[in-house]
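**Q** Kindly produce the complete structure, drawing on both the sequences and the hints.
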Amino acid sequence: MEISKRQVHQHFASSNPHKTSIAFDLYGTLLSTESIAKELASHFGNEKAKSIAALWRRFQLEYTWRLNSMSLYKPFSDVTKASLLHALAESSETLNEEEIGSLMKAYDSLEPFPEVGSALQALSSWSEADAYVFSNGTEKMVKSSVEESPSLSPFQEVFSKLITVEEVEAYKPDKRVYQHLAKKVGKADDLESIWLVSANPFDVVGARAAGFQAAWIDRAGGHSGAGGWTDKLGDLASGGPTIIAKGVDEAVNSIKEWTSKNHNE
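Going by the working numbering, the first residue of the sequence shown is number 688, and it counts up by one from there.
Worth flagging that the hints you see were computed from the coordinates, not collected in a lab. Please note that the accuracy of each hint is not assured.
[As the list claims (entries may be wrong)] Derived CB-CB ranges, DEER-like:
no.	residue 1	residue 2	range
1	H950	G873	14 to 22 Å
2	H950	A776	50 to 58 Å
3	S729	H705	47 to 55 Å
4	G915	V855	48 to 56 Å
5	E856	S811	31 to 39 Å
6	N783	E734	17 to 25 Å
7	S729	S779	17 to 25 Å
8	E785	E815	43 to 51 Å
9	P801	G873	28 to 36 Å
C-beta atoms are modelled at their ideal positions from N, C-alpha and C, and glycine is treated no differently.
**A** Structure, rendered in structure tokens:
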């Protein structure tokens, strides 16, 4: 029986509970959801495409939060398509089914942010850490994104597991999804050694409320705001990010420094 590198990695990851576990959000953190504007531009031109792409992402997130509030769950692929239709309607635009299908396929091959490759390269040589993808996406979407992206696929073996919320049937920042992550990485009783790396403030606050450490990627502009941590919900919950970084590469280095310092104290 052929055994993949990831299966071997998973075996050793599960047998090393003292390692630092680092879970990376996928959409907006490793992969740029704004890159979908390039696909939309072929239909509507650059400026209109950027506007629709931003609305698409906004409605996509809003839909997950609203579903959580109603104790309902629909697969992220359905949420993504419905939010696209909403964004098009809000913009007084339409596309046929074939064009919508093409956009949905493009969503499975989003472009990574420029620094992601070097960050994962550095992570691959850090023997005291295990990396995971932790996403709202369906297992099929996440697998396609990681394995079929020309820029991300060379680093797919860096990840011990691809973990999604699909099994829990809830979305971030529901506490159950973070508890699910903790179980999947074998650290249900050691939450403080789990790190979430995310550019989404709601995800960071959710992780902190669940007992994790969190690195927030400050991607100034876009759906992340004008720059700097401005989210005040953390003040009402369990705090904001443990560290703030300008990119995923900086986050990996900062987590390494933080864990080394705190383990030696």
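**Q** Now tell me, hint by hint, if it's right for this structure.
**A** Now the hints, each set against the structure:
Distance hint for H950 and G873: a CB-CB separation of about 19 Å, consistent with the stated range 14 to 22 Å. Evaluation of the 50 to 58 Å hint for H950 and A776 yields a pass: the beta carbon distance comes to about 52 Å. Checked against the hint of 47 to 55 Å, the pair S729 and H705 passes, with Cβ atoms roughly 50 Å apart. A beta carbon spacing of about 32 Å between G915 and V855 contradicts the range 48 to 56 Å that was offered as a hint.
At about 33 Å, the beta-carbon gap between E856 and S811 stays in the expected band of 31 to 39 Å. Checked against the hint of 17 to 25 Å, the C-beta distance between N783 and E734 comes to roughly 22 Å, which is consistent with it. Distance hint check for S729 and S779: the Cβ-Cβ separation is about 18 Å, which falls inside the suggested range of 17 to 25 Å. Judged by the Cβ atoms, the range 43 to 51 Å given for E785 and E815 holds: they are separated by roughly 49 Å.
Range check, P801 to G873: about 32 Å between beta-carbon atoms, so the 28 to 36 Å window is met.
Consistency note: the structure conflicts with earlier hint 4 alone.
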